[in-house]
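Chains as they are written, first to last, in our numbering: chain A, 51 to 431; chain B, 1167 to 1516.
I should point out that these hints are in silico values taken from the structure, not numbers from a laboratory. Don't take each hint at face value.
To be verified - Capping the alpha-carbon separation at 30 Å, the derived lysine-lysine pairs in DSS-like fashion look like this:
(1) B:Lys1309 with B:Lys1269
(2) A:Lys238 with A:Lys389
(3) B:Lys1286 with B:Lys1309
(4) A:Lys426 with A:Lys389
(5) A:Lys426 with A:Lys383
(6) A:Lys210 with A:Lys159
(7) A:Lys159 with B:Lys1269
(8) B:Lys1315 with A:Lys157
(9) A:Lys52 with B:Lys1430
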Amino acid sequence: MKYVDEYRDGELARAIAATIAAEARPERIYRFMEFCGGHTHAISRYGVEDLLPPNVRMIHGPGCPVCVLPVGRIDEAIALARLPDVTLCTYGDLMRVPASGGMSLTKAKAGGADIRMVYSTLDAVRIAENEPDRKVVFFAIGFETTTPPTAMAVLAAQKKGLSNFSIFCNHVLTPAAILAIFESPEVKTLGAVEIDGFVGPAHVSTVIGTRPYEPFARSYRKPVVISGFEPLDVMQSILMLVRQMNEGRAEVENQYIRAVTRDGNLRAQAIVADMFELRESFEWRGLGQVANSALRLRDAYAAFDAERIFPIARSNAQDNPACECGAILRGVKKPAECKLFGTACTPETPMGSCMVSSEGACAAHWTYGRFRDAAKMRAAE
Amino acid sequence: MSGVMRPVGRKLDLKNGRVDLTHGSGGRAMAQLIADIFHVAFDNEWLRRADDQAVFDVPPGRLAMTTDGYVISPLFFPGGDIGSLAVHGTINDIAMSGARPLKLTASFILEEGFALADLKRIADSMGDAARGAGVPIVAGDTKVVERGKADGVFISTAGIGVVPEGLTLSANRAQPGDVVIVSGSMGDHGVAIMSCRENLQFDTDLLSDSAALHELTALMVATAAPSLRLMRDPTRGGLAATLNEIAHQSDVGVRIAEGAIPVKPSVAAACELLGLDPLYVANEGKLVAIVAPEAAQALLAAMRAHPLGAEAAIIGEIVADQNRFVQMTTSFGGGRIVDWLSGEQLPRIC
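Start from the sequences, fold in the hints, and give me the full structure.
Here's what the structure looks like:
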């Protein structure tokens, strides 16, 4: 397939792997966090770890929109979907995320709630247009990449004069989450997690540009490389991080020059800024309450805000206490270190969100990488 | 369907007519539906006898028997429809045992309001598929349910076949060292179906691979019988599900190479767009064969000489593995598991 296969070329991968192995200093350990679940998925799906020398290690970050959504928000979405005449439209990933009391959107749907899976925000607008008797709520989640499409759906609904379309807004911000990781006790004081550099998500930067990362690179002295999602992109970004560390640099570099600029998509930023404002605080699974880390609709768009239209009680439900999703999302633990991993918690019966989305660290490790655990156990025997 | 004579009276309105509850009530309307649609489409000596069952001689050997239900949406898709699929699918389930398929039966659950023109199109397609395969539909049944209780039409087919003397193929027979062969490109059927789903339409010239594989399997048995361990058609759950089933039933591991698996560029592109993996997408005219290494090349050559196996390829081998993992070397050069599918394949968010 043209323009895809080129970025998955095995020969080029071996060449980059050889360069990384040659340039990574044997006395040093290189620990890079790939922030985004899309990278976690690509690394696992293509077996990128097998191509890295043992002293270049990847730490999975919290950048999986499904994974970081706290249980309470899923509870609230289910409550919304159960209201009379409400149709909840959602991206497929969210369907199986466990809510409290063993519930999920899939189970609520089986119980009679009108929940429909859509591929695009505009599909939800179309449903509202075609079924004027339904109150259509779009379950809006995701980082900066998915916020502009949500905004476009609201604008489309406004233009069509639809009074039966609204969004349940859960959009969150990447830089705020990275800041929270830097400021988390494990990283800052306890030394439980050592992160030497970041692989930053290119799709987010197509919207926000690379500029928002510059303060981190400067103040925390950590190199950042904005990376594409094809496996060769990831390999090249790792090489760029190794070189920055070797040269003592801590800069924001752009590997994904085919779509990312320093300033990003100004038009999308303007539309988002016009429609949304910062929430003072928002709960993240794993990171807890994070200040200025999420968006809500401005007053001018209150007519499209499901949280203001419908009476839904706030849920403060918490994860199963044995579930280590929180620590895994912060990079403190690896999936196999969770007691539930592969026993009580599998993709068929997920206990935590990291086992649901294909971008979740647990699901990626279970689905693609768990043979390495078996190999390690054999080696230890 | 049996026991029915063509009743006297007006013909069915095959242009604008619709199924109603009288078509399932056992009266004249049902007799007319069966006579004008099914008997015309499936016509053979057993149906013409109009008994409640088909009676026929069976060649010597052990019988293979199977049944399968078809509830596909949409009913008509590029390269086939629910009718041809219901014939091919059951023939293939018989053929994977190495058996020669002999006879089929078909049972229809029709939803009140279903267009008779569509029913006729489906029945004609079944008749064509059955004749094309040389496996007649010799008995059947029709039921009608109220509107909303079904989705247009559901079809169940059953089949029997006869297994050649001395041949035993089973998914528990794979052994370390055996070779894994697929008969052609993976994922064609599932992607063709998805291309015309209501909320997902995209343009592709891809056709479903729906086909009866019993001639190919007969050729394979003739070529490699003592060394052929098993054959299986990777339908729902795709190649990944089939390889995991084999690993579990045979208590072995499977190692495959991504670069060796045939996938059409249009299938790869559609999967890329939809966030799917072709290894998990359904096939309806492909098979996986496990064969002892010494017979692999001869079997591959024989398969490639048949139109339905022209793109056959060796994709990997069976290994000893107490974890029963299906492991794949990616084209990129890394390793990964090819696991069972969890739930449905869902599109990713970003």
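Here's how the hints hold up against the structure:
A distance of roughly 22 Å separates the Cα atoms of B:Lys1309 and B:Lys1269; the hinted pair therefore holds under the 30 Å criterion. Taking the CA atoms of A:Lys238 and A:Lys389, the gap is about 26 Å. The hint holds against a cut of 30 Å. At roughly 16 Å between alpha-carbon atoms, B:Lys1286 and B:Lys1309 fall within 30 Å of each other, so this suggested pair holds. For the suggested pair A:Lys426 and A:Lys389, the alpha carbons sit about 17 Å apart, so the restraint of at most 30 Å is met.
As the CA atoms of A:Lys426 and A:Lys383 are separated by approximately 17 Å, the hinted pair is consistent with the 30 Å bound. Note on A:Lys210 and A:Lys159: the hinted pairing holds, with a Cα-Cα distance of about 28 Å set against a maximum of 30 Å. This hinted pair does not check out: A:Lys159 and B:Lys1269 have alpha carbons roughly 41 Å apart, beyond 30 Å. This hinted pair checks out: B:Lys1315 and A:Lys157 have alpha carbons roughly 21 Å apart, not beyond 30 Å.
Taking the CA atoms of A:Lys52 and B:Lys1430, the gap is about 13 Å. The hint holds against a cut of 30 Å.
The structure shown violates just one earlier hint, number 7.
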